[in-house]
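4 protein chains.
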Amino acid sequence: MNVIIDICIVPMGVGISVSKYVTQAQRIFEKHNLSHSMHAYGTNVEGPWDTVMAAVKECHQTIHDMGAPRINTTIKLGTRIDRPQSMQDKIDSVTEKLQNQ
Amino acid sequence: MNVIIDICIVPMGVGISVSKYVTQAQRIFEKHNLSHSMHAYGTNVEGPWDTVMAAVKECHQTIHDMGAPRINTTIKLGTRIDRPQSMQDKIDSVTEKLQNQ
Amino acid sequence: MNVIIDICIVPMGVGISVSKYVTQAQRIFEKHNLSHSMHAYGTNVEGPWDTVMAAVKECHQTIHDMGAPRINTTIKLGTRIDRPQSMQDKIDSVTEKLQNQ
Amino acid sequence: MNVIIDICIVPMGVGISVSKYVTQAQRIFEKHNLSHSMHAYGTNVEGPWDTVMAAVKECHQTIHDMGAPRINTTIKLGTRIDRPQSMQDKIDSVTEKLQNQ
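Residue numbers (our numbering), protein chains in the order written: chain A, 1 to 101; chain B, 1 to 101; chain C, 1 to 101; chain D, 1 to 101.
It is worth saying that the hints were derived from the structure and are not from the lab.
Careful: at least some of the hints might be erroneous.
No distinction is drawn between identical chains; accordingly, a pair holds when it is met within one copy or between any pair of copies.
Stated by the list, open to error - In the BS3-like style, the derived pairs of lysine-lysine whose C-alpha atoms are separated by at most 25 Å in a straight line are:
1) K31 <-> K57
2) K31 <-> K20
3) K20 <-> K57
4) K20 <-> K97
5) K97 <-> K57
6) K97 <-> K31
Kindly generate the complete structure, drawing on both the sequences and the hints.
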């Protein structure tokens, strides 16, 4: 089962700048060879369910190891079995409609 | 690593009433012996990371098997390593403050 | 247009205990006479769109005034026009199904 | 008060393809002159609180008018008062760290 997620990791108790933790998460998705794309409020990640979830767990473990005592993460998570659909497919289907009207 | 999540599962392509799918998810959390509590917009679930995540995956698989072609789930996910904290602890700390002032 | 939301407010840059800010949010929902119910990972709030959103804005303003430099909030937000549905209706429809099988 | 949101609108009861509704939301953000950027699992929108929230309300009203009986939206919403920060600033701060190590 493939999954597309959008993940936003917020370490707490480490001040207001959290970019070094977000950077680390990018490296973890990279390490797991997961297709991923960062935006201003999270990161889209795509791949087999178990691989994606293992990477998410590693993000939490690593960010705790970096010193964050508490982490609050928000994940949107989509699966579909009617047909394959990549992150790019989702964007294309809206972009086409925007251009056609 | 223990985790407290809040999960809201929205099957798509099955009409507007989704309570039978939500009911099934409750049974899955029950089956996994996870402490869980439903509210009007999701379910709080508490337990070891791997058990909770295995239950979430089983929810998706089961709801697809029930006929939903597409599922859109939202998860908030909290871990902390400074001290143990249960779902009830979180509610109590706010309730006390509400009563004391 | 009525709305049911689930809101989780996370002040950043104020340490790891955020219960005093969550307590303040409860008082704001109370002040606006909005039906609301706290759970371990957020608060359900129900009412007219504009009143609910005015309360959400007041939460952010008040929590900034209390000293939080940054706030990260997650909101799930449901509207429906086919029929009225309260927070309790949503819970009841699942509870009934759980008992009937 | 400026806000950066990430919004994901899921119409229910209209089948599994929802791109025409997402397209309409893009047009509404455009019409309100809000800086916005779509990704595979939502749209980042940036601007004054009241303008952004008026656009979100208009999305719900318009998508109901298009025939969706029920809508389930997820919003992440960030405000900060310590310093101005745009959507691009957030991305840049991570991108720089990724390149420097």
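Consistency of the hints with the structure:
1. K31 <-> K57: both (13 Å within a copy, 23 Å between copies)
2. K31 <-> K20: Classified as within; 17 Å inside a copy, 35 Å across copies.
3. K20 <-> K57: within (17 Å within a copy, 29 Å between copies)
4. K20 <-> K97: between (37 Å within a copy, 7 Å between copies)
5. K97 <-> K57: Between copies only: 22 Å across, 37 Å inside.
6. K97 <-> K31: Intra 35 Å, inter 16 Å, cutoff 25 Å: inter-copy only.
In terms of the numbered hints stated before, the structure departs from none.
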